[in-house]
Structures are given as C-alpha cells and as structure tokens.
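Sequences listed follow chains W and P, in order.
FYI, in the numbering used here the residues of the first sequence are 10 to 174.
FYI, in the numbering used here the residues of the second sequence are 50 to 406.
It is worth saying that the hints were derived from the structure and are not from the lab.
Be a bit skeptical, because a hint or two may be false.
Mimicking BS3-like on lysine-lysine, the simulated pairs with C-alpha atoms at most 25 angstroms apart in a straight line are [unchecked claim]:
| id | chain 1 | residue 1 | chain 2 | residue 2 |
| --- | --- | --- | --- | --- |
| 1 | P | Lys293 | W | Lys75 |
| 2 | W | Lys140 | P | Lys95 |
| 3 | W | Lys157 | P | Lys71 |
| 4 | P | Lys71 | W | Lys95 |
| 5 | W | Lys95 | W | Lys149 |
| 6 | P | Lys376 | P | Lys402 |
| 7 | W | Lys162 | W | Lys95 |
| 8 | W | Lys95 | P | Lys284 |
| 9 | W | Lys75 | P | Lys199 |
| 10 | W | Lys173 | W | Lys149 |
| 11 | W | Lys141 | P | Lys71 |
| 12 | P | Lys293 | W | Lys65 |
| 13 | P | Lys98 | W | Lys157 |
| 14 | P | Lys71 | P | Lys95 |
| 15 | P | Lys240 | P | Lys71 |
| 16 | P | Lys199 | W | Lys165 |
| 17 | W | Lys95 | P | Lys253 |
| 18 | W | Lys162 | W | Lys140 |
| 19 | W | Lys141 | W | Lys157 |
| 20 | W | Lys65 | P | Lys402 |
| 21 | P | Lys95 | W | Lys165 |
| 22 | W | Lys162 | P | Lys95 |
| 23 | W | Lys173 | W | Lys141 |
| 24 | P | Lys284 | P | Lys402 |
| 25 | W | Lys140 | P | Lys376 |
| 26 | P | Lys393 | W | Lys141 |
| 27 | W | Lys95 | P | Lys293 |
| 28 | P | Lys71 | W | Lys158 |
| 29 | W | Lys140 | W | Lys95 |
| 30 | P | Lys71 | P | Lys98 |
| 31 | P | Lys217 | W | Lys95 |
| 32 | W | Lys162 | P | Lys217 |
| 33 | P | Lys376 | P | Lys298 |
| 34 | W | Lys95 | W | Lys157 |
| 35 | W | Lys149 | P | Lys284 |
| 36 | P | Lys284 | P | Lys240 |
| 37 | P | Lys199 | P | Lys71 |
| 38 | W | Lys162 | W | Lys173 |
Computed from a prediction, not measured in an experiment: that's the story for all the values here.
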Amino acid sequence: MEDRKEFDEIFRLYYSQLYFFARQFLMDTEDCQDIVSDAFEDVWLNFSSIRADAAKSFLYTDVKRKCIDRLRHLNTQRQYAEVCRKITECYDTDDGIREMEERERIIGQVIDDLQPPTTREIFVACYVDHKKYVSVAEEKGISVSTVKKHIVKALKAIRERNDKK
Amino acid sequence: MTDDALDIMEPEAEISDQMVEKLNCNTDLAEACRDIALAASSQRRKQEKVDVEARLNQFHRRHHKRQIIKLSIVGIMTAAAIFAGLLFILKYQNNTNQIFFNAEDLSETAMLTDIDGNEIPFKLSKNHGVEIKVGAKKDDASTDITDTLKMNMPFGKSCIIDLPDGSKVYLHPGSNMVYPTRFTGSLREVKLYGEAYFIIAHDKNHPFVVTTANSQTTVLGTEFDITSYHGQAEKVTLVTGSIKLHGQKCNREICLVPGQEASINEGGGINVTDIDTEPFTSWRDGYFYFDNVPLRDILQELGRYYNVSIDCNSSNLLNYRMRFIIKRDNDINYVVSMLNRMKKFNAILTDNKIEIR
Chain W
10 MEDRKEFDEI FRLYYSQLYF FARQFLMDTE DCQDIVSDAF EDVWLNFSSI
60 RADAAKSFLY TDVKRKCIDR LRHLNTQRQY AEVCRKITEC YDTDDGIREM
110 EERERIIGQV IDDLQPPTTR EIFVACYVDH KKYVSVAEEK GISVSTVKKH
160 IVKALKAIRE RNDKK
Chain P
50 MTDDALDIME PEAEISDQMV EKLNCNTDLA EACRDIALAA SSQRRKQEKV
100 DVEARLNQFH RRHHKRQIIK LSIVGIMTAA AIFAGLLFIL KYQNNTNQIF
150 FNAEDLSETA MLTDIDGNEI PFKLSKNHGV EIKVGAKKDD ASTDITDTLK
200 MNMPFGKSCI IDLPDGSKVY LHPGSNMVYP TRFTGSLREV KLYGEAYFII
250 AHDKNHPFVV TTANSQTTVL GTEFDITSYH GQAEKVTLVT GSIKLHGQKC
300 NREICLVPGQ EASINEGGGI NVTDIDTEPF TSWRDGYFYF DNVPLRDILQ
350 ELGRYYNVSI DCNSSNLLNY RMRFIIKRDN DINYVVSMLN RMKKFNAILT
400 DNKIEIR
C-alpha cells in the first residue's frame, strides 16, 4: 500500500500522545492500547478520505469518544464519564490540542520543581498511582488535611505559573 | 473551589450530580481539574514507557490478518471501499414486527415562507446533495421591520439555520420551524414541529423559548435536542447547560441536567431518564450514530433522511439491535452497502425504496 509510509509516520508521531491522553481517564493500560490502536485502525481504513493535517484532531476525537464509551461500558459512575467529557472539551480543535500539549509540558516542569520533594511524591501517589487521600496519609504518617494541603500547594504553583504567562 | 477539584479528582471518588453541574458551570473548577489531570499525565510519562515501534508492528500484524480474513469472506473488496468509523455489533432479540416507511413525493422542496405563506427565496449551499446551510436573513439596517419566517424541511433534506442572535439550529428532515428575522422583546421565541438540535447563544437577559405541540422549553444558553413528531412521544434531551421545561397538559415545570431526557407522553405526563447524548452530538457533527438500536429505528431514520421508502417482509430482522455509525454525507448506495456488510440481511435499493430480506 502506497500510503503505508505516511501512515507509519502519523502513527509514530501521535501514538504515545494519544496513549497518555487515554491514560488520563482509564486505569487499564491494555484498554488504552486497544483504544488507541482502534483509533488508528479507523484512520487506516479511512486513509484516502482523511487529510494528513486533519489526522491529529480526528484521532483525538476518536480516542476521546472511545474512552467515554469505554467508561460507560465499564459501569463506572455516570458522573465520572461526565467529568471526563468536560475535561476533554478543549481537545476538539487542533489549536486546543496544541494548547493542552504545551500546558502539560509547563505543568510538568512546575511539578518537577516543587519544593520540598514530598509535595511531588504525594501528588504522584494520589493521581498517578491512584491512591485515595486517606491511604496516602497513612503511608506517609500524616493527616488527610496535610495531604490535601500539599496538593493545593501544587495547584497554586501551577496557577501562578499559568498567570505569569 | 480547589477543595471541589480535589473531591472530583480523588481516585474512585463518588461524584454527585450537583458536583457535575458545578463543574459544567464553573470554568475555574474545570480548569483546576484539568490541571490535575495534566500534571498527573506529565508525571505518568516518566514512569510508563511506550514502545511505539512494537505497537506499530503489532498494529500491522493484526491488521494484516484481519485484512486477509475480510478479503477471503467478502471476496473483492478494495481497501478504498472499506470505511472506518463504522462498527457493527449485532444482538438478536425475539419479537416480530414489520415496517413501512413511505417516502414523500420527491417534488416537494425545502421552502422558506413568510407569515402570509409567500415563498422567500434563499440560497442553498449544497453539501453532498443532502444538507443545506441557510444563512439568516440579514437585517436591513434601514428598517425596523421584523418578519416571521417558516422554514420547512421535507424528508430527504435538512439544514442548519443561523438565527439572528448567533444561535444555530440543526433542523432534521420532515420538520419545520417558525422564527423571526430578528429577536425583539424580552424573549427569543421560536416554534418547532419535528426534530431539531439547538446550540443557543448565551444571553441571560433574553431567555430562548422553544414552543412545540406539548411543551415549552426555556433556556439561557446551552445545547439540546427536541423531537416532536405526530404520534410519537415528545422528547427534550439536554447535552450541556441547563433548561427549564414546561409541560402544557400537566402544567408542570421541571429542570433538566446534562445527560437527561424528558419524555412527554400522550396524556401529558413527563418522565425523566438518563441517556447517552452521543447520538445527538454526533448528528450535530455530521454522523448517524446508533448504538444498540433496533434495525427498525435505524431504517426509519435513514428513510426520513434520504427520503426513501422502507419495505421489510422478514419479521424478526427489525428487532436486531446493532451499532451503526456512519457519516451522513455518504450517499444512500454507500449506506446500503455498509448495511449489507453485516451479512445479517440483504438490503436492496431500487427506485427510492430499500427492501430488506
């Protein structure tokens, strides 16, 4: 197939972006891999009718739709699917996607630079390792409200950085 | 506000409807939640590695296999003819029924008329022969005259109406809407028969009111769908924001939150259920979206949209529940060929009629 080369290029360019996008909402790594592969399957089958420059937003929209579908089928709380729909609103346009990518990069730096490092550790334990605040508090031997204080501090640092921009 | 964000984003959090509503209304809260999600994502990238090359190889291996299976079953099907965004899941349900949908006389055209029934010419920008976009009649700056217009869409035609306040209305086939050339007074009022998807420009001082046979829906700025055909329960579905619905027969007023659908039955009773809004937003985005929908309903919608009659002699088929997603700008031949790819029945298109066997 002639398009194979172009397709592979798009795959390499966007695969991990889309994978981590899906991972924001789905805990299961295999689910995320399947969803992203399926989205590329849609692009592959539809290749003649998708312009190369439109592939990115097509993929994001597709992955987003599939994630929300998946959440609904997983019997997760309906409200959680709603939250995801709201949070992903800005991924509808190329500009929106680009803006979110840039924002993630900046926020990533802010989190890396947090002092003391405990704040970052707590943040990661809660949102990357998916632990409830109360279990993180137990592990660290601190109170739940202290855990929350650390997170609020991280959010404040992010906000300050965003405002500066 | 930050506390709310923490509550929403906590792993396995119990999120209440009120919280979802708050999130929908409060942009700062949504931003804070987004920040947490993005921050987590940035840290996740460091922990988890993705082997893109391995995934790419896997993709082509799997795809190659699928392709061979498809080719051997279907025979001659070129890759170009294979459409994506299209998935079928078939479930069988026991029941018997038949369907007839009769196409309208093809001579009927989309028509815009003023209050006296005089026809007003309007520009059609043809979009794949089926959809047309109608520009709002521009205000004549020199006059203050407000006309009332009626846009009538026969089966086989649909359009997007730009209202003078910047709102958009996606009018479905077999529907009509009465609206003014400009909104004056404290309310923005339109009348609807049939189905339409509304994206209403926000204006808290001028509520937007849609009147149908059985109800009045009042909004400030939001997205929602209304279906009101003869002989069918009237339905109001909210996608974002909030709306107030007044049922005329029961004289009752209810508020809907996003993802809810109010159904008004013959007796005037209102029933509210949670539903998937995807079919409605997909229509807005140019797709037919049927998920776990009986073939009967799918065919009826296709019949309305393309103005083709539907004829089905085999009784059980109509109750097959299936998933069928396809772009609306495809022509009817293509849609029928996609239906046939399920191999559950044979759909034959002849002279504006689809026969299902």
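(request) Would you pick out the hints that fail for this structure and give their numbers low to high? (result) 1, 5, 9, 10, 12, 13, 14, 15, 16, 20, 23, 24, 25, 26, 30, 32, 33, 35 and 37
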